[in-house]
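2 protein chains.
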Amino acid sequence: MTFPKNSVGLVTPQRYVCDTPLALQNGDTLDGYELVYETYGKLKADKSNALLICHALSGHHHAAGYHSEDDAKPGWWDACIGPGKAIDTDRFFVVSLNNLGGCHGSTGPRTLNPSTGKSHGPDFPNVVVKDWVNSQVALADHLGIKTLAAVVGGSLGGMQALQWAIDYPDRVKACVAIASAAKLSAQNIAFNEIARRAITSDQDFNEGRYFDAEKNPERGLGLARMIGHVTYLSDDGMGTKFGRDIKSGDFGSGADVEFQVESYLNYQGRAFTQYFDANTYLLMTKALDHFDPARETNGDLVEAFAPALCKFLVLSFSSDWRFSAERSQEIVDALVRAKKNVASAVIESEHGHDSFLLPIERYVAALGTFLNQSLAEHPNQADGEPI
Amino acid sequence: MTFPKNSVGLVTPQRYVCDTPLALQNGDTLDGYELVYETYGKLKADKSNALLICHALSGHHHAAGYHSEDDAKPGWWDACIGPGKAIDTDRFFVVSLNNLGGCHGSTGPRTLNPSTGKSHGPDFPNVVVKDWVNSQVALADHLGIKTLAAVVGGSLGGMQALQWAIDYPDRVKACVAIASAAKLSAQNIAFNEIARRAITSDQDFNEGRYFDAEKNPERGLGLARMIGHVTYLSDDGMGTKFGRDIKSGDFGSGADVEFQVESYLNYQGRAFTQYFDANTYLLMTKALDHFDPARETNGDLVEAFAPALCKFLVLSFSSDWRFSAERSQEIVDALVRAKKNVASAVIESEHGHDSFLLPIERYVAALGTFLNQSLAEHPNQADGEPI
Numbered sequence: 001m002t003f004p005k006n007s008v009g010l011v012t013p014q015r016y017v018c019d020t021p022l023a024l025q026n027g028d029t030l031d032g033y034e035l036v037y038e039t040y041g042k043l044k045a046d047k048s049n050a051l052l053i054c055h056a057l058s059g060h061h062h063a064a065g066y067h068s069e070d071d072a073k074p075g076w077w078d079a080c081i082g083p084g085k086a087i088d089t090d091r092f093f094v095v096s097l098n099n100l101g102g103c104h105g106s107t108g109p110r111t112l113n114p115s116t117g118k119s120h121g122p123d124f125p126n127v128v129v130k131d132w133v134n135s136q137v138a139l140a141d142h143l144g145i146k147t148l149a150a151v152v153g154g155s156l157g158g159m160q161a162l163q164w165a166i167d168y169p170d171r172v173k174a175c176v177a178i179a180s181a182a183k184l185s186a187q188n189i190a191f192n193e194i195a196r197r198a199i200t201s202d203q204d205f206n207e208g209r210y211f212d213a214e215k216n217p218e219r220g221l222g223l224a225r226m227i228g229h230v231t232y233l234s235d236d237g238m239g240t241k242f243g244r245d246i247k248s249g250d251f252g253s254g255a256d257v258e259f260q261v262e263s264y265l266n267y268q269g270r271a272f273t274q275y276f277d278a279n280t281y282l283l284m285t286k287a288l289d290h291f292d293p294a295r296e297t298n299g300d301l302v303e304a305f306a307p308a309l310c311k312f313l314v315l316s317f318s319s320d321w322r323f324s325a326e327r328s329q330e331i332v333d334a335l336v337r338a339k340k341n342v343a344s345a346v347i348e349s350e351h352g353h354d355s356f357l358l359p360i361e362r363y364v365a366a367l368g369t370f371l372n373q374s375l376a377e378h379p380n381q382a383d384g385e386p387i
Numbered sequence: 001m002t003f004p005k006n007s008v009g010l011v012t013p014q015r016y017v018c019d020t021p022l023a024l025q026n027g028d029t030l031d032g033y034e035l036v037y038e039t040y041g042k043l044k045a046d047k048s049n050a051l052l053i054c055h056a057l058s059g060h061h062h063a064a065g066y067h068s069e070d071d072a073k074p075g076w077w078d079a080c081i082g083p084g085k086a087i088d089t090d091r092f093f094v095v096s097l098n099n100l101g102g103c104h105g106s107t108g109p110r111t112l113n114p115s116t117g118k119s120h121g122p123d124f125p126n127v128v129v130k131d132w133v134n135s136q137v138a139l140a141d142h143l144g145i146k147t148l149a150a151v152v153g154g155s156l157g158g159m160q161a162l163q164w165a166i167d168y169p170d171r172v173k174a175c176v177a178i179a180s181a182a183k184l185s186a187q188n189i190a191f192n193e194i195a196r197r198a199i200t201s202d203q204d205f206n207e208g209r210y211f212d213a214e215k216n217p218e219r220g221l222g223l224a225r226m227i228g229h230v231t232y233l234s235d236d237g238m239g240t241k242f243g244r245d246i247k248s249g250d251f252g253s254g255a256d257v258e259f260q261v262e263s264y265l266n267y268q269g270r271a272f273t274q275y276f277d278a279n280t281y282l283l284m285t286k287a288l289d290h291f292d293p294a295r296e297t298n299g300d301l302v303e304a305f306a307p308a309l310c311k312f313l314v315l316s317f318s319s320d321w322r323f324s325a326e327r328s329q330e331i332v333d334a335l336v337r338a339k340k341n342v343a344s345a346v347i348e349s350e351h352g353h354d355s356f357l358l359p360i361e362r363y364v365a366a367l368g369t370f371l372n373q374s375l376a377e378h379p380n381q382a383d384g385e386p387i
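Chains A and B are the protein sequences, given in the same order.
The working numbering puts the first residue of the first sequence at 1, with every later residue one more than the last.
The working numbering puts the first residue of the second sequence at 1, with every later residue one more than the last.
All the pointers check out, no bait thrown in.
Same chains, same label: a pair holds when it works inside one copy or across any pair of copies.
Listed below are the simulated PhoX-like cross-link pairs for lysine-lysine, each with C-alpha atoms no more than 25 Å apart in a straight line: (1) K286 to K241; (2) K241 to K183; (3) K183 to K247; (4) K247 to K130; (5) K339 to K130; (6) K247 to K286; (7) K42 to K146; (8) K339 to K311.
Rather than coming from a laboratory, the hints here were simulated on the basis of the structure.
In isolation and in its complexed conformation, chain A is listed as follows (with noise of 0.2 Å):
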């Protein structure tokens, strides 16, 4: 197969692994956990242009490019990732992780516990945004990366792009949450909450354990994700995608009939529990249902990022109603009151949420533009490749 001509190609991925223990949010300490991750482009020799990619609840490393040659898709935001696309690997070096609890690799709840023997199943602790920044600043220093020209990320991913500004801010100068929020609205944590009690009344989930059981809570974890799709999609997306086209049956003859769009969530449901992990589902929920940098402030979210001295882009979609435009002009409102250098734009598409991981026009645009300006503000001064 030849690869498209701006594809990255061919990555491995590649296993740091850490013996510093890691103290957790929770107050838990992981003594040593391990990373997997891809890089893309080339690391210049000043280490000035490296761009951390932070994925989000279902998402994982390998975020561009093949792993083989027959390879029948490529990462999840190829779209944005390659040479001359938004995300430029002939100007970044990309680094992109599964994080810690993920189901790809990383340590988490399907790797094994070496005390035990058994996958850490449901006694894996409960990782937040904090703890992954923690992580990634582990990854960075593995890789001699003291300062990240940008850290990018959608949804979850942006949420941990923010704290990054927040508790990191001598080590990231430009920062990208697209389609995110500094907290969840109540509505959101609610269809979280349903997708996680389909998961745990699964009777195949047995208190997380199913591991050990020989068992796959499929039901639960299958529902889970079709309840993330319709959410993840928007009613005018839907309608244009499915309309209400009829699978099968016939309402004439009083057979039972089955719409298009729930054929797709069905097959969709399916496929998602023979490579997600229920544990990693649950984990990755709490986690979007706890963030709220303004907790330590007293709900004060300007105070929130006072820390922060990198510059900011947010950009969020017109038909995204679980992570809003509203809730990013929240985001945007603070960094204004707290005199942070902010972009920002509502990007026109019916695709809902899933819009970031799509290659709409203007969004690619935006992205590409403030991430090549941020570049062009810190220009390299070992390589001398004109920018």
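Chain B: place on chain A using the hints.
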């Protein structure tokens, strides 16, 4: 207990036993069936003041008043039905029934099949909106009512009101469809499918024969109710009601945190499973999905409405996103193009789809004004009561 002055007071459900077979849309025939209903107000001698209430997904016949002196709560639409209320029982003789396939006493999955001695369960046919209307016509005949002054319903109830106007134009003078739709959007169907999937994948569902197994798919039915709850409210309304208040746990200590909204949803989900039947939930959501009067006119809703002779009132609510104002506007547009007499309003409310159950001032005023004017246009010729 003293009932409020504008309450219909104590009411007693009645039973209509129909021996006339009912031919269903799916080709089956019900040889006979029973309908439980209540009435409020007094039928005039000329029987010109009858008003039929059609219930929605989880509704039933008990729409107003109290079943006993110590009844804690009145019927589900008590906000709108009573002396001097929008549906004024000083003027109207209100009939409210539990639909076929329901689980509150009318023939449905939960009632006994005389030929087997067991409950019908999943063998009960999938009745649809047209079937309900036909059974409601039989009930009207039983009560000696030739022409209804009005048929009124919200959501799935509004669909029945519309179907009455189309199928029995000479038997209805006014049709009120509140927070309804001429057909569901793909998103709305998707939420229904997720709810159904939650029920059918519960280990206690037993392919619908849970009564035979002395079980109840409580977790699945509870989940379905939770999905309904969240989607029938608005994001803003939930924010006002719950915010992000914490019910238990403590962020600082790392204890597991539960938000008020989670606690509320879990309570509501559990409570629902104690009085609602899972097979009825499946049946009602399928009836919602399948409703599409324009199917018989090759998708032309204007032509579908052509037979109607009555006045229409179409109401919707600004924050209702499962039965949005746009869906109601589609009904209004088609009625206008069909040259029907139609009034409509979009009511400002932050309570989402549930608004139709609430005493919202402008809503109640619009409903009351329309109904009283409708009645005034067909003045009573027998009783001589001034209107």
